[in-house]
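K.L.:
Position chain B against the provided structure of chain A, taking the given hints into account.
Chain by chain, the residues run as shown.
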Amino acid sequence: MTNPVTSPVASLQPASPLLEVRDLRKSYDQGRIEALRGVDLSIATGDFLAISGASGSGKSTLLQLLGGLDSPTSGQVLFNGALLGSSIDLDAYRSNSVGFIFQAFHLMPTLRAVENVQVPMLAVAGSPQSRVRKAEALLREMGLERRMNQYPNQLSAGERQRVAIARALANDPAILLADEPTGNLDSVNSARIMEMLTGIQAKRGMTLIVVTHENEIANAAARHIRIRDGQIERDNADRGRITQ
Amino acid sequence: MAIGAFVALVGFSNSFEHEWLRLYESSGTDLAVVQRTFFNTSVDESAGVKLRSLPAVAQASPMILNMMDLTPEVNALAYGWNADSYEFSSLNMKSGRHFRDGQPEVILGDLLASNLDKKVGDSIDIQGSRFTVVGIFHGGSALEAGAIILPLDELQQLSSLQGKVTAFHVRLRPVPAGESPEHYLQTAQAEIESALPGLRAIPAAERAGNNQLVLMAHAAAWGTSSIALLIGVFSIANTMAMSVFERTREIGILRALGWKRWRILMLIQMEAATLGFVGGLLGMALGWGALRVLAVLPQTASIVSASVPPLLLLEALGIAVLAGLLAGAIPAWRGSGLSPVEALRHD
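So the sequences go chain by chain: A and B. My numbering applies: residue 1134 is where the first sequence begins, and numbers increase by one. My numbering applies: residue 10 is where the second sequence begins, and numbers increase by one.
Honestly, the hints are just simulated from the structure, not real lab data. Take these hints with a grain of salt, some might be off.
As the list claims (entries may be wrong) - Now the in silico label distances, taken between C-beta atoms and shown as ranges:
(1) B:Gly-298 to A:Asp-1162: 52 to 60 Å
(2) B:Arg-270 to A:Gln-1287: 26 to 34 Å
(3) B:Arg-270 to A:Ala-1258: 16 to 24 Å
(4) A:Gln-1163 to B:Val-287: 39 to 47 Å
(5) A:Ser-1263 to B:Pro-318: 45 to 53 Å
(6) B:Met-10 to A:Gly-1214: 55 to 63 Å
(7) B:Val-305 to A:Ala-1237: 57 to 65 Å
(8) A:Ala-1258 to B:Trp-231: 41 to 49 Å
(9) B:Met-10 to A:Asp-1362: 54 to 62 Å
(10) B:Glu-215 to A:Ala-1258: 54 to 62 Å
(11) B:Ala-338 to A:Asp-1162: 40 to 48 Å
To be verified - Calculated Cβ distances over 10 Å to all of chain B for the following chain A residues:
(12) Pro-1150
(13) Glu-1167
(14) Gly-1189
(15) Asp-1203
(16) Gly-1259
(17) Ser-1289
(18) Asn-1322
(19) Thr-1331
Unchecked claim - With the Cβ distance kept under 8 Å, some of the chain B side facing chain A (calculated, not the full set):
(20) Glu-259
(21) Leu-266
(22) Lys-269
No residue lacks a Cβ here, since even glycine has one placed at the ideal position from N, Cα and C.
One chain only, chain A, in its complex shape (with noise of 0.2 Å):
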C-alpha cells in the first residue's frame, strides 16, 4: 500500500486534487473568534497558489492547517485523500510532505547556513555525510555557495530567506508553503526571492502556497484566492466567480 506522506509527486493521479479541504472551520478563545469560517478548497499537483486578504482575515491561519503545524476545530485537510490528523501523522506530514517559509525566516541562530539547512533532515533517515553533501547541494542553488559557513546574524535578510528556502526543500516535500516570503525584504530581494520560488515551482513541479499582501505576487500567481472574515471571497479557479 502507498504511504500518501511520502508518495513520490510524479506518482500522483492527476485526477485526484493533492489537497482538499472540506468545511474548515478554526476558533479560538472558546468560540469567540472564528479565524475561519467553512473554507472548501481543492489544490491540485504543481499549482501556484496565492491567498491574499487582509490582516485578520484568516490566511496564515489557512496556511498553518494546511502545512499541519494546527488542527482545525471542525473540518477536514485532505492530503491525497488521506485525512490529515487522522490517517497521517502531523509530524511526518510536516517532515515530509511539507516546506515551510515564513516571513521572518525563522533560521535557528546559533547554527550556521549548511547547518539550519540540515534541520529537517535529522528528522528522517540519512547519514550525517548525505545531509551535509544535499544541505551544500541546495545552498548551491541559492547562490550562497561562498555562505555556507555563516551564522544567520551574518547574513542579510535575503541570504537568510534563501538559507529559509533551501531549508524548506531540504526533505524534498511536495509542497512549499511560504507565509508572506517577502515581508522583510526590501523589492529588488522581493523580486528575487519570488524569481527563485517560481523557478522552484516549476523546476521540480511542486505545488507552491504563498500567503501574500501583495497584489503582485498575487497577480503573479495562477491561482489566487481572496480570503475576508474567515471565508473564500474569490478564487480564480472559478473564473472569477465572485462568492457572498
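P.N.:
Structure of chain B alone, referenced to chain A:
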C-alpha cells in the same frame, strides 16, 4: 555544589569506615564484642574474664573509644588500652615507649603529635589532668595516626566509665584443620554470644561498617547530601525551565519542520543530563578538593583520608546525571508539548 557536597560528605564517611577496617585489619582483630543495644554502648570490664576462658578466644583486649578536645582547635580519637593489649603489635613506635597502666602517660599518633607540636617528654592536658607523652607511633590507619592512646584505667576515669569498656577486641585461635574460616568465625560468634548474654560478637569487617560513629557519619553524610542534591535538582530545573522558555520559538521551528515531540523531549533531556554531567564533574573536583583540605586540617585529619574511591566518583556522576534528567523532565515535557503555532508566535 550539591555533587561537591555529596563527594565530600559521603567520601568523608566512606573513608571513615575504610579507616576503621584498616584499623581492625592491622591489629589482627577478628571479632569485636559489644553491647547489643545502640545507645547503651558500654560493656562491663569483668566480662573479659569469661571471654578469655572460651576455647576459641586467644586474646581479648578491653578498649574504650572516645573523642576528646585536646586544644580548642584540635580534637582527636582517644583510645584506652591496657598496657598488655595485643593491639600494640600493629603500632610502629617512632620514638619513646609504650605507656604503663595506672600512670598519667600517653602515646600520640605521628599526625596528631605533629598537629599538636608535641614530642616525647612533653606534657599534655586532657580535661584538666596532665599527662606525659611517652611515645610517638605510626599507626596502620588514619584513625591511629591522628589518635591519642592512654591507659584504659586513666581514660575510664576521665570518661567517668569506671569498670566499663566500649568493646572487647578479640583475636581467635588459629582455624582448626579441616574447618573453613567462615564457619570457625560463626562458631566463635555463637560461642561468645551464648556465654555472654546481652553482648554481640561482630566480625571486624562488619563492625567497621556498623559502629555507631560510622553509622552516624553515613547518616549525616547522606542526609546532608540529599538536601543539597534536592536543592541542586531545583536549580537545574529552574535553569532548564528558563532555557526552554527562552528557546520557545526555536522549539516551534523544530516542531514546524517535523521534529516529533519525543525528539524535542530527548533534546531537552540531553541538555539537562549534560548540565548534570558537567556539574557532576565540577562537583567531583570540588568535593575531592574539600576532602584534601579536611585530610590536613588538624580538626579532621585523624578521621579523614584524601583518597576518594572510584566507585564513589562513579556514583556521584550517576547521581548528577540522574538529577539532571529528573530536573529536566518537567521543562522537557512542557517544551516538547508546545504547539508549533503557539511556539512560533513566542517573542
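K.L.:
Run every hint past the structure and note whether it holds.
P.N.:
Here is how each hint holds up against the structure:
1. For Gly-298 of chain B and Asp-1162 of chain A, the hinted distance range of 52 to 60 Å is satisfied, since their beta carbons lie about 57 Å from each other.
2. For Arg-270 of chain B paired with Gln-1287 of chain A, a C-beta distance near 32 Å keeps the hint of 26 to 34 Å intact.
3. In this structure the supplied range 16 to 24 Å holds for Arg-270 of chain B paired with Ala-1258 of chain A, their Cβ-Cβ distance being about 18 Å.
4. For the hinted restraint 39 to 47 Å between Gln-1163 of chain A and Val-287 of chain B, the CB-CB distance of approximately 45 Å keeps it satisfied.
5. A hinted range of 45 to 53 Å holds for the C-beta pair Ser-1263 of chain A and Pro-318 of chain B, which are about 46 Å apart.
6. Range check, Met-10 of chain B to Gly-1214 of chain A: Cβ separation about 59 Å, and the 55 to 63 Å hint holds.
7. Between Val-305 of chain B and Ala-1237 of chain A the C-beta distance comes to about 59 Å, which sits within the given range of 57 to 65 Å.
8. Our hint of 41 to 49 Å for Ala-1258 of chain A and Trp-231 of chain B holds, since their Cβ atoms are close to 46 Å apart.
9. Taking 54 to 62 Å as the suggested C-beta distance range, the pair Met-10 of chain B and Asp-1362 of chain A conforms, at roughly 58 Å.
10. Distance hint for Glu-215 of chain B and Ala-1258 of chain A: a CB-CB separation of about 56 Å, consistent with the stated range 54 to 62 Å.
11. Distance hint for Ala-338 of chain B and Asp-1162 of chain A: a CB-CB separation of about 31 Å, inconsistent with the stated range 40 to 48 Å.
12. Taking the minimum C-beta to C-beta distance to chain B, about 22 Å, the non-interface status of Pro-1150 of chain A holds against the 10 Å cut.
13. Distance check on Glu-1167 of chain A: its Cβ is at least 16 Å (rounded) from any Cβ of chain B, clearing the 10 Å threshold; non-interface status holds.
14. No Cβ of chain B comes within 10 Å of the Cβ of Gly-1189 of chain A; the nearest lies about 14 Å off, and the non-interface call holds.
15. For Asp-1203 of chain A, the shortest C-beta to C-beta distance to chain B comes to about 5 Å, within the 10 Å cut-off, and the non-interface label is violated.
16. Annotated as non-interface, Gly-1259 of chain A keeps its C-beta farther than 10 Å from every C-beta of chain B; the closest such distance is 13 Å.
17. Under the 10 Å C-beta cut-off, the non-interface status given to Ser-1289 of chain A relative to chain B holds; the minimum distance is some 20 Å.
18. Annotated as non-interface, Asn-1322 of chain A keeps its C-beta farther than 10 Å from every C-beta of chain B; the closest such distance is 21 Å.
19. The beta carbon of Thr-1331 of chain A sits about 23 Å from the closest Cβ of chain B, which is more than 10 Å, so the claim that it is off the interface holds.
20. Interface restraint check: Glu-259 of chain B against chain A, minimum CB-CB distance 6 Å, threshold 8 Å, status holds.
21. Taken as an interface hint, Leu-266 of chain B checks out: its beta carbon lies about 4 Å from the nearest beta carbon of chain A, inside 8 Å.
22. For Lys-269 of chain B, the interface hint holds, the least distance from its beta-carbon to any beta-carbon of chain A being 5 Å, beneath 8 Å.
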